[in-house]
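Residue numbers (this note's numbering), protein chains in the order written: chain V, 9 to 339; chain W, 8 to 297.
Calculated directly from the structure, the hints in this document are not laboratory data. Ideal placement from N, C-alpha and C gives every residue a C-beta, glycine not left out. Do not take every clue at face value.
[As the list claims (entries may be wrong)] Label pairs and their calculated CB-CB ranges:
hint, chain 1, residue 1, chain 2, residue 2, range
1, V, 106, W, 290, 41 to 51 Å
2, V, 29, W, 287, 54 to 64 Å
3, V, 239, W, 128, 18 to 28 Å
4, V, 249, W, 152, 58 to 68 Å
5, V, 203, W, 287, 22 to 32 Å
6, V, 282, W, 172, 28 to 38 Å
7, V, 203, W, 186, 17 to 27 Å
8, W, 288, V, 152, 48 to 58 Å
9, V, 32, W, 288, 57 to 67 Å
[To be verified] Facing chain V, a subset of chain W residues (Cβ under 7 Å, in silico):
hint, residue
10, 104
11, 107
12, 108
13, 111
14, 115
15, 271
16, 281
17, 283
18, 284
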Amino acid sequence: MTLRATLPILIILAVLAAIPLLATSNSVLNFIVFVLIITLAAQGWNVLGGVGGQSSFGHAAFFGTGAYVSAILQSRFGINAWAAMAIAMGVGAIVGWVIGFLSFRAGLRGSYFALVTLAFAEVLRILANAAGFTGGAAGLLLKLNVGFANMQFSSRGAFLWLALSLVALTLFLSQWIASSRFGAQLVAVRENEEAARALGVDVLAVKLRAITVSAAITAAAGCLYLQYFLYIDANIAYGLWISVEALLAPMVGGKGLVLGPIIGAFTLHGLGEAAKTFAASVPGIDLAIYGIILVVVVAFAPEGVLGVLKKTQLWRKRKAHAATKLSEEAA
Amino acid sequence: MYSLDITLEAVLNGLLTGAVYALIALGLTLVYGVLHIINFAHGALLTTAMFAVWVAYTFLGIDNYVLIPFLAVIFYALGYALQRFVIGPASHGDDGNILLVTLGISIVLENALLAIFRSDTRSLTSDFSFEVLEVGPLLISKPRLIGFAAALVVTLLLWLVLARTDTGKAIRAVAKEKLGASLVGIDVRHIYAVTFGIGCATLAVAACLLMPTFYVNPRVGGAFVLVAFTVVVLGGMGSIPGALAGGLFIGVVESLSGLYLGESLGQIGIFLIFILVLLFRPTGLFGARA
Chain V
9 MTLRATLPIL IILAVLAAIP LLATSNSVLN FIVFVLIITL AAQGWNVLGG
59 VGGQSSFGHA AFFGTGAYVS AILQSRFGIN AWAAMAIAMG VGAIVGWVIG
109 FLSFRAGLRG SYFALVTLAF AEVLRILANA AGFTGGAAGL LLKLNVGFAN
159 MQFSSRGAFL WLALSLVALT LFLSQWIASS RFGAQLVAVR ENEEAARALG
209 VDVLAVKLRA ITVSAAITAA AGCLYLQYFL YIDANIAYGL WISVEALLAP
259 MVGGKGLVLG PIIGAFTLHG LGEAAKTFAA SVPGIDLAIY GIILVVVVAF
309 APEGVLGVLK KTQLWRKRKA HAATKLSEEA A
Chain W
8 MYSLDITLEA VLNGLLTGAV YALIALGLTL VYGVLHIINF AHGALLTTAM
58 FAVWVAYTFL GIDNYVLIPF LAVIFYALGY ALQRFVIGPA SHGDDGNILL
108 VTLGISIVLE NALLAIFRSD TRSLTSDFSF EVLEVGPLLI SKPRLIGFAA
158 ALVVTLLLWL VLARTDTGKA IRAVAKEKLG ASLVGIDVRH IYAVTFGIGC
208 ATLAVAACLL MPTFYVNPRV GGAFVLVAFT VVVLGGMGSI PGALAGGLFI
258 GVVESLSGLY LGESLGQIGI FLIFILVLLF RPTGLFGARA
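Sequences and hints are given; from them, build the entire structure.
As structure tokens, then:
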């Protein structure tokens, strides 16, 4: 891990960590916590969809599993929130592995993989909505009981730091993956599956490892959501909205890049908030803008915000280089 | 167990609904077969068409059956423009990009409808919605029977267009071999847009047939889109007879699982079939083995 690559991460983390010290407005803190939860879910998506090129449309399956497992363990079995979160991530990872095993074994890729993950998430949503131990359509409510063991904090700033540290851990994990042998194999699978296989990469094993890690991270985001809002139901936990959020943020920020999800999540939700203040009374306007941004990004900036930044940087460097050359020639 | 009458009625109702499912899936399967893209905006376009029917009926007093040809032409133009000017240029021909672009379009459409009509659920208020035909012990809803017949006629028409006309020939040529088609002088981009337009036109017809017995709100398309995907996958991507058979089958499955499992679990049968077919026979029951 070079300093050059780590520095931008540290700067972003430092800025976000300083916010609770500077801002006391609840709406600002709420906004940042919510975007950090989305970022975490999106970071999970990015491991599989961004680095590995397996676009999932059903990360709600992992987000929801994380939230439900944690909620049930806490409310019905009185288990400590931190232990519940660890177990929930484990169960999320298992769900990821099973979905991955079934669909990758069947050779599903591209649109087919996207559709089958979407269907898995829908099946889980319907089951959670109908079963008794998930609270059915009424959902599950966690008791408000502030305390460290319950992962509930009296100040929003403390929760922000918790969410931020999970996002930070995932950032460093993604950075490590990017420079690891596993990451290189994953990129090889994304770029050309047949070629990767010919070079001796165990494609199925690599994809399975990616979906398992990816699912565990997104399950952690589900747990955070539960701890912050203390309520989930099937349409929140397993809803299409979180699948879309998880894939949209890396797409907009820069698919497969370490900082892609966090940049994308803040860009999208920043624009969404701006749209809401412009047209507060019109429902759905922020989401309509997300849709337009998605189409524009795919059309004009397939590398996302970070790709555009990199391109302008390169272009400036080239211009500066040409200018010095010209002045040298003139002299 | 339920009595034979109730089961029989469920099967019949399933067939009636299934024909409309088939009609919705027809556009999806045609677009897939020719453009090789999965149109995620299909559900949102259906919702848009259903709102168009509702507005025409409620504010302009146009009967939903009279509206069919007009709305089909309007949606053909809309679909043509969408493919020609948005989806085609934006996706650079990449499979994953197209899925994302159509997802973006569906988000825009759904939320634009939400902004205009709010999230209220609306339906047509006409006496005809509740008229039934008595056949022995069975009660058959008249508007659904009309929907069934019309869906079959549209399927047949579409099949004839593809089999007998020059445009149909061009569409089939592009579906089989894009490069070869363009070498013999077929404008591939035009054919793509025509196909997408036809897909949207079938949605407009489906909306007109659905509205008397269904409701519309900005999110209603989502309920149909996965059903339509299931029908398409089951029938084999790109196969018109497959879409018809798949639609009828899914209609019956939904109706029976709704009867035996209850309203909230009823749809699960559809998704399970969807997953199983994708995992074990992704070419569908009628598609050729890849």
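Outcome of the hint check:
1. V:106 with W:290: 41 to 51 Å: Distance hint for residue 106 (chain V), residue 290 (chain W) is violated at roughly 24 Å.
2. V:29 with W:287: 54 to 64 Å: 56 Å, holds
3. V:239 with W:128: 18 to 28 Å: Once the Cβ atoms are compared, 25 Å apart, the range 18 to 28 Å for residue 128 (chain W) and residue 239 (chain V) holds.
4. V:249 with W:152: 58 to 68 Å: 38 Å, violated
5. V:203 with W:287: 22 to 32 Å: 28 Å Cβ-Cβ, so the 22 to 32 Å window holds.
6. V:282 with W:172: 28 to 38 Å: 50 Å, violated
7. V:203 with W:186: 17 to 27 Å: 24 Å, holds
8. W:288 with V:152: 48 to 58 Å: 50 Å, holds
9. V:32 with W:288: 57 to 67 Å: 59 Å, holds
10. 104: Status holds, d = 5 Å.
11. 107: 5 Å, holds
12. 108: 5 Å, holds
13. 111: Constraint on residue 111 (chain W) satisfied, holds at 4 Å.
14. 115: 4 Å, holds
15. 271: At 5 Å from the nearest chain V Cβ, residue 271 (chain W) passes the 7 Å test, so the hint holds.
16. 281: 5 Å, holds
17. 283: 10 Å, violated
18. 284: Not OK, violated: residue 284 (chain W) not within 7 Å of chain V, min 10 Å.
Checked against the numbered hints above, the structure breaks hints 1, 4, 6, 17, 18 and satisfies the rest.
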